[in-house]
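Student: Read off the chains here:
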Amino acid sequence: MKILVPVKQVAVLDEDFELRDDGLDADPDFIDHESNEWDDYSYEAALQIMEAHGGVEVVPMTVGPEDAEESLRRCLAKGGERAIRVWDDALTGAGPATVAKLIAAVARREGADMVFAGTLSADHSYAMTGICVAAELGWPHVAVVTALEYQPGAATATVHRELEAGLVEKMTVECPAVLTIQLGINQPRYASLRGVKQAKEKPVDELSPADLGVSGEELAASASFRLRRMFKPARGQAELIEGTAAEQAARLASIIKELRGAA
Amino acid sequence: MSGILVIAEHRRGVLNPATLETIAAAAALKQVKPQPVAVAIIARNPDEFVGQVNAAGVDEIIKVAVPTDTFQSDVYEATVAAVVAARGPAVVLFAHTVDTWGYAAAVAVRGGFGCATDVFAVRYEGDALVATRAGYKEKLHMDLDFPGRQTVVLTLRGNVFKPIEEPGSAAVSAVDAPAVAARTAHLGYIEPDQTGDVDIAQAEYMLSVGRGVGEEDNIEQFKELADALGFTLGCSRPVADNGWLPKSRQVGQSGKTVVSCKIYVAMGISGSVQHMAGMKHVPTIIAINKDAEASIFSIARYGVVGDMFEIAKELRNHC
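Here the protein sequences come in this chain order: R and D.
The numbering of the first sequence is the working numbering, which starts it at 1 and goes up by one.
The numbering of the second sequence is the working numbering, which starts it at 1 and goes up by one.
Read the hints as simulated data drawn from the structure, not as lab findings.
Ideal Cβ positions, reconstructed from N, Cα and C, are used throughout, including at glycine.
Warning: the hint list may mix true and false statements.
What the hints assert, rightly or not - Straight line, CA to CA, 20 Å or less: simulated SDA-like cross-link-like pairs of lysine to any residue:
no. : chain 1 : residue 1 : chain 2 : residue 2
1   : D       : LYS280    : R       : PRO233
2   : D       : LYS290    : R       : ARG235
3   : R       : LYS170    : D       : THR68
As the list claims (entries may be wrong) - Reference excerpt, derived from the structure (chain R facing chain D, CB under 10 Å, subset only):
no. : residue
4   : ASP14
5   : MET128
6   : GLN187
The following block holds chain R by itself, in its conformation from the complex (with noise of 0.2 Å):
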C-alpha cells in the first residue's frame, strides 16, 4: 500500500524586488524557496498511516528542478526510503494543471493507493493542483480536509472538510482518493540530525515527462492558463507611523484614545 505526497518548493519574494524584464516574473535574484507549509501537514498524515500499520510506503515526490530537490530531503529526513522528481527544462514556468498532469502519471506508475497533497501553495495559492490530479486520475477527492481516519485497504476513508466560519463537514469517501490537506490536521514533526543524515543517502529518483509517457505536446495542452505579465499592484498604503518604538507606541495610543473618543 502505497501513499504519494506532491510536496513544491515555494517561491518567496524579497521585501523589495524588482520584475524581469519581460515583466512575466519577479527577477530570480529576489527571489529565495522554502518548502510548502501546507506540505508539512500532508506529508505528516502520510506518515502516521504509515507508522500506524505495517506494509505502508510514504513517496514524496515533487515536480521541480535541481534545487527542488531539497524539499524531498527535507521530507525524506522526517521518514520515507525514496522519492521522486520530475523535471524538464520546458516545465519552467509550468502552472498546476500541468503539474498535477504529471503528478498522476507518477501515481499511474507508482501504483499509488492514496494521494496526499496540500491544499494549496503558499506562494501563487491555485488551491487546483491536488484536484487536477483527481481528475487526472478519475479518483474521487476531497478538499481542504482537517482531520482524516484511514486503514490502509479499505475501501473508504472518513475525513473533516473545513468549511467557512468554523463549521467541518464529516464525510466518507472511496478510495483510492486524493486529498488535500489543510494546516492544522496534525502537528509535523521536526526532523532528527540522524533522519537529516540518513536522508542524504536514500535515493531520489529523476523522470522527465517523457520517462512518464507525457508528450511535450500534451503538457502545452495541458496549461489552463497563459500567463501575459505580472506587475507591482497599486497597493492601498498604511500611513506609515515613523519614529522610535517609544513614539510609535505614544502615537498610536493617541489614535486609538482619540477614535473611541469619538466611536
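Chain D: place on chain R using the hints.
Tutor: Same frame as chain R, but now just chain D:
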C-alpha cells in the same frame, strides 16, 4: 461558445451571498460584451433559490435537480459539465469558496476548459478574456488569458464584486442532471465550538496576534495588553492551529468575521487572504509588522514597521 454561466452556491438551505457577487461580475462582462447570462442552481429543490438569484442582468435561471442536499464533488462536476454541454457558455463563473476549491478545477480538466482561481478582476482585451489574480503572497498581480480555450472556468474572490440587489426578470428553465453515483457521502456537520469563551464577532475593539508572536509563552503579554486597552484578543490561523489560543478566537475565512469591530490592531500578522477576509471591512485597522511589504499594510489605515514586542511594551505605558 458564448454567454456566461454562473454556478449558484448554497449550503443547508441558504444561498451563499457570494453568488450575487458572481452574478455582478457576469453582468459587468455582459455590459462590455453583450451576451446572455445564465445562473445554474444545482440543488435537491432548486425552486427555493430561484427568486434569490433572479437579479438584474440575469437572462436565464437553469434549475438542475440533483438527489443530494449536500455538496458532493462527483455530482457537482458531472452536473456542471452537463449544463455547459447544454448551453455552451464561453465563461463559467464560481465563487472562490471551499466547495469550489473541491471541484471547479476538476470541471476544467475534464472538460478541457481554461481555468483560473481566486480571480479579482476580469475584463476583455479585444476578444480575449483576461483574468487578474495575485501571486507571491499578494506582492505581485498577474494577468492571465486562455488562448485556444472555448470555455473558461473562473473562481472569483469574495467581497470584490458588489452584489446586485436590483431584481431581474430572468426566464426559468431546467436541465436534467446526469445520473452519477457520488463516491463521497455526507455524515454530518460539526458546529463551531462556541462554549466558554468570548464571541469575537461581537467585539468592537480587537487586538489580534499572528505568527510573529513566536511561541505560546509570548501570548500572555498580549493578553495583558489587550485587557489593559479594553480590547478583545484575537489571532490568526497559526496561533489557533498551535493551540495557543482557542479556535473561537481565530479571525478569518475558516474562523470568524469580526462584524462589529471598529478598531482592529494586527500584531505580527502578515495578512493572508484568508485572514483578511475576516477583518478587512473594519473601519480602522492598525498593523504592526516587521515586514514592510506585508500585505496587511495594504488594507491598514495606520502602520508601524517594527517589532511587535517593543511596540507592545511601549503601549503598556499608555494604558
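Student: Decide, hint by hint, whether the structure agrees.
Tutor: So, going through the hints one by one against the coordinates:
The suggested pairing of LYS280(D) with PRO233(R) holds, with an alpha-carbon distance near 17 Å, which does not exceed 20 Å. A hinted pair counts as satisfied when its Cα atoms are at most 20 Å apart, and LYS290(D) with ARG235(R) qualifies at roughly 18 Å. Proposed proximity of LYS170(R) and THR68(D) is supported: the alpha carbons are some 15 Å apart, at most 20 Å. With a cut of 10 Å, the hint placing ASP14(R) at the interface with chain D holds, because the nearest CB-to-CB distance is about 8 Å.
Taken as an interface hint, MET128(R) checks out: its beta carbon lies about 4 Å from the nearest beta carbon of chain D, inside 10 Å. Nearest Cβ of chain D to the Cβ of GLN187(R): about 8 Å, under the 10 Å cut. The hint holds.
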